[in-house]
Amino acid sequence: MIIGIVVGVIVFLLILGFILTYNGLVRLRNQMRNAWSQIDVQLKRRHDLIPNLVETVKGYAAHERQTLEAVTAARNAAVGAIGKGVGAQAKAEGELTGALSRLLAVAERYPDLKANQNFLALQEELTSTENKVAFARQYYNDATLHYNNKTQMFPSNIIAGMFGFRQGEFFEIEAPAEREAPKVKFV
Amino acid sequence: MWEQIRSNQIRSTVLVIAMAGLLLLLGYFLGELFLGSPVGGLIVALVIWGFMTLVAYFQGDSILLAVSGARRIGPEDHPRLYNVVEEMKIASGLEYMPAIYIIDDPALNAFATGRDPKRASVAITSGLLEKLNRDELQGVIGHEMAHIKNRDVLLMTMCGVLLGTIVILAYYASRILLFSGAGRRSSGRGGGGALPLIIIALVLMILAPIAAQLIYYAISRKREYLADASSALYTRYPEGLASALEKIGGSTVQLKTANKALAPMYIANPFRTGARALSEWTSTHPPLAERIRILRSMGGASYADYNAAFARTHKGGRSVIPASALAGTGAVGLRSPSPETMGEPSRLERHREVSDLLWKQSNYRTIECECGTRLRVPPGIKHSTVRCPHCGRNHSV
Numbered sequence: 001m002i003i004g005i006v007v008g009v010i011v012f013l014l015i016l017g018f019i020l021t022y023n024g025l026v027r028l029r030n031q032m033r034n035a036w037s038q039i040d041v042q043l044k045r046r047h048d049l050i051p052n053l054v055e056t057v058k059g060y061a062a063h064e065r066q067t068l069e070a071v072t073a074a075r076n077a078a079v080g081a082i083g084k085g086v087g088a089q090a091k092a093e094g095e096l097t098g099a100l101s102r103l104l105a106v107a108e109r110y111p112d113l114k115a116n117q118n119f120l121a122l123q124e125e126l127t128s129t130e131n132k133v134a135f136a137r138q139y140y141n142d143a144t145l146h147y148n149n150k151t152q153m154f155p156s157n158i159i160a161g162m163f164g165f166r167q168g169e170f171f172e173i174e175a176p177a178e179r180e181a182p183k184v185k186f187v
Numbered sequence: 001m002w003e004q005i006r007s008n009q010i011r012s013t014v015l016v017i018a019m020a021g022l023l024l025l026l027g028y029f030l031g032e033l034f035l036g037s038p039v040g041g042l043i044v045a046l047v048i049w050g051f052m053t054l055v056a057y058f059q060g061d062s063i064l065l066a067v068s069g070a071r072r073i074g075p076e077d078h079p080r081l082y083n084v085v086e087e088m089k090i091a092s093g094l095e096y097m098p099a100i101y102i103i104d105d106p107a108l109n110a111f112a113t114g115r116d117p118k119r120a121s122v123a124i125t126s127g128l129l130e131k132l133n134r135d136e137l138q139g140v141i142g143h144e145m146a147h148i149k150n151r152d153v154l155l156m157t158m159c160g161v162l163l164g165t166i167v168i169l170a171y172y173a174s175r176i177l178l179f180s181g182a183g184r185r186s187s188g189r190g191g192g193g194a195l196p197l198i199i200i201a202l203v204l205m206i207l208a209p210i211a212a213q214l215i216y217y218a219i220s221r222k223r224e225y226l227a228d229a230s231s232a233l234y235t236r237y238p239e240g241l242a243s244a245l246e247k248i249g250g251s252t253v254q255l256k257t258a259n260k261a262l263a264p265m266y267i268a269n270p271f272r273t274g275a276r277a278l279s280e281w282t283s284t285h286p287p288l289a290e291r292i293r294i295l296r297s298m299g300g301a302s303y304a305d306y307n308a309a310f311a312r313t314h315k316g317g318r319s320v321i322p323a324s325a326l327a328g329t330g331a332v333g334l335r336s337p338s339p340e341t342m343g344e345p346s347r348l349e350r351h352r353e354v355s356d357l358l359w360k361q362s363n364y365r366t367i368e369c370e371c372g373t374r375l376r377v378p379p380g381i382k383h384s385t386v387r388c389p390h391c392g393r394n395h396s397v
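Order-wise, the sequence lines are chains A and B.
In terms of this note's numbering, the first sequence has 174 at position 174, counting the first letter as 1, and numbering is strictly consecutive.
In terms of this note's numbering, the second sequence has 317 at position 317, counting the first letter as 1, and numbering is strictly consecutive.
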């Protein structure tokens, strides 16, 4: 009788622990996925802003062709990298960020362009989108770290292994200073 | 570390329970004294409390925003402010975008309100908006978003209601006692047993509001430290908030619409009086200088870094960050300041931006004259044309 109760309680606790751990893993994985979709939204927004920016800059600084083309090429590469995995996308986006910052640095040399309302609005949107990408990435990486820790640590790792909770991949973009790669020559 | 900070709630919960206990104790003794039944007193206290809680819960944010004369703005009214709020929403992992309000006031302050993240609002004074650069604005908005994320608004509203109920009960009880208490006592219970009762009730009437106030201040200060730490974590740039707080501290303009009950919602105590330093115990906010010192001595952007900086500033080394937030976090690096050249408007441009926004909010129309003058046309103008005062061109309205 007593043994029966003890066994029953132990089984109950095990099942309870199992359910809680499983749900915790699902919650963390969803948090990570939501965070990723947030990055996605911001990246798309950035891709949409760029053709507009390139057109505006062209009107004032048409002979900065090299820089403009580099931005367009980097943007197309980044659009192409969508769906090819976190690592590939991060790399393409990192290159786009570098090309964009070069373009904005070039724009500094054109006072008329800098006074253009449309350009100013675009610049604000772009600066903010860059920030949003960075903040979304920051949040995604934290969420991923949290989730990965949980999938690796005992005892949740057992349940993670049983139900195929795979590790999340970090979204890393190198710091801007390291990113200053040799300029790509076009034409 | 992005989990909602629950264990910190334990300490806050203990303090809230202490306040509630104080309220019930007061109700009990006042009921015994005036109504002849402690249960009656308890019921009166609970009814007042319940009513005020309902009002605060469902109408608190609209009342607060209406009282401070805040007006809601959209993304096109002030793109930079809207973007910064969205940035901090993303960084804090909040699901919903809060409503953004602007208060036409030269004082430097900001606050957050709304009972849950779903219907949260942040408000900022026009003075602060034009004084701060992007990084500083980010720090301030990060602080307000932290109040929303950490559910401080609800906690402080509930504390405020408790405090208010205690103050109201004690106030009216003392009035009644002064003017008619003696009659009731002689006709009612009377006798030797009543004297200690009166003394207890009297002591409670005097001490309960003071004790509740001190508890309230203690909770509020704690949440301020936590919001500062969260802001540093979201922005990865504590210097932004530090420098914003420095600007706020340098201003002597008092907020016109400040309200005592709402003080903990603001980024800085709206009742700060320039020269007179309020004692630490009787303030809703830690001293600005101390908050700045802690932020500036942070070695990284994590909660652990904030806690270490806090311990360095306070010799005692007590902790302000809950253990649950400290556990399981890696090192978090700081970022460098935003480059000034990247579309950062100057002080003058920011001033223009904000005043344009305020004119627009008052339904003024703007006409750009070819000579470069900007004409503002008041709403309900009777003339069909206006003349530019500089070049004399006529513009149709």
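Keep in mind that the hints were calculated from the coordinates and are not lab data.
Yeah, the Cβ is synthetic: ideal placement off N, Cα and C, and Gly gets one too.
There's no promise every hint is true.
SDA-like cross-link-like pairs, simulated, lysine to any residue; straight-line CA separation at most 20 Å [said to hold, decoys possible]:
id, chain 1, residue 1, chain 2, residue 2
1, A, Lys114, B, Ser346
2, A, Lys114, B, Tyr28
3, A, Lys114, B, Lys360
4, B, Lys118, B, Leu154
5, B, Lys118, A, Asn34
6, A, Lys44, B, Pro75
7, A, Lys58, A, Ala105
8, A, Lys114, B, Leu154
9, B, Lys360, A, Ala121
10, A, Lys114, B, Asn133
11, A, Lys114, B, Glu349
Computed footprint of chain B on chain A, listed as stretches where at least three residues anywhere in the stretch have a Cβ under 8 Å from a Cβ of chain B [as the list claims (entries may be wrong)]:
id, stretch
12, 113-125
13, 128-142
Residues from chain B that keep clear of chain A, each with C-beta distances beyond 10 Å, as calculated [as the list claims (entries may be wrong)]:
id, residue
14, Ala56
15, Phe58
16, Val84
17, Glu86
18, Met88
19, Ile90
20, Ser92
21, Ile199
22, Leu214
23, Ser319
24, Ile381
Structure-based check of all given hints:
For the hint linking A:Lys114 to B:Ser346, the alpha-carbon distance of about 13 Å falls within 20 Å, and the restraint holds. Note on A:Lys114 and B:Tyr28: the hinted pairing is violated, with a Cα-Cα distance of about 70 Å set against a maximum of 20 Å. Distance restraint check for A:Lys114 and B:Lys360: the Cα-Cα separation of roughly 25 Å exceeds the 20 Å cut-off, and the hinted pair is therefore not satisfied. Between B:Lys118 and B:Leu154 the alpha-carbon distance is near 12 Å, which keeps this suggested pair within the 20 Å criterion.
Under the criterion of a C-alpha separation no larger than 20 Å, the hint pairing B:Lys118 with A:Asn34 is consistent with the structure, at around 17 Å. For the proposed pair A:Lys44 and B:Pro75, the alpha carbon gap of about 19 Å is at most 20 Å, so the pair holds. Among the hinted pairs, A:Lys58 with A:Ala105 is consistent with the structure: their alpha-carbon atoms are about 15 Å apart, no more than 20 Å. The straight-line distance between the Cα atoms of A:Lys114 and B:Leu154 is roughly 45 Å, outside the 20 Å bound, and the hint therefore fails.
Our distance criterion of 20 Å between C-alpha atoms is met by B:Lys360 and A:Ala121, whose separation comes to about 18 Å. Note on A:Lys114 and B:Asn133: the hinted pairing holds, with a Cα-Cα distance of about 19 Å set against a maximum of 20 Å. Annotation: proposed proximity of A:Lys114 to B:Glu349 holds, straight-line Cα distance about 14 Å (limit 20 Å). Look at the stretch 113-125 of chain A against chain B: 5 of its residues bring a Cβ nearer than 8 Å to a Cβ of that chain, three or more, so the hint holds.
Counting residues of the stretch 128-142 of chain A whose CB lies closer than 8 Å to any CB of chain B gives 8, so the stated coverage by that chain holds, three being the minimum. No beta-carbon of chain A comes within 10 Å of the beta-carbon of B:Ala56; the shortest separation is about 31 Å. The claim that B:Phe58 is not at the interface with chain A holds, since no C-beta of that chain comes within 10 Å of its own (minimum 29 Å). A beta-carbon of chain A comes within 10 Å of the beta-carbon of B:Val84; the shortest separation is about 8 Å.
With 10 Å as the threshold on Cβ separation, the claim that B:Glu86 sits away from chain A is violated: the shortest Cβ distance comes to roughly 7 Å. Listed as outside the interface, B:Met88 is inconsistent with that label: its C-beta sits roughly 8 Å from the nearest C-beta of chain A, within the 10 Å cut-off. A cut-off of 10 Å between C-beta atoms contradicts the statement that B:Ile90 is not in contact with chain A; the least separation is 5 Å. With a minimum CB-CB distance of about 8 Å to chain A, B:Ser92 fails to clear the 10 Å threshold, and the non-interface call is violated.
B:Ile199, annotated as away from the interface, keeps every beta carbon of chain A farther than 10 Å; the closest lies near 53 Å. At roughly 37 Å, the least C-beta separation between B:Leu214 and chain A is larger than 10 Å, which holds for a residue marked as non-interface. At roughly 22 Å from the closest C-beta of chain A, the C-beta of B:Ser319 stays outside 10 Å, upholding its exclusion from the interface. Once the 10 Å rule is applied to beta carbons, B:Ile381 is consistent with being away from chain A; the minimum gap is 26 Å.
In terms of the numbered hints stated before, the structure departs from hints 2, 3, 8, 16, 17, 18, 19, 20, listed from lowest to highest.
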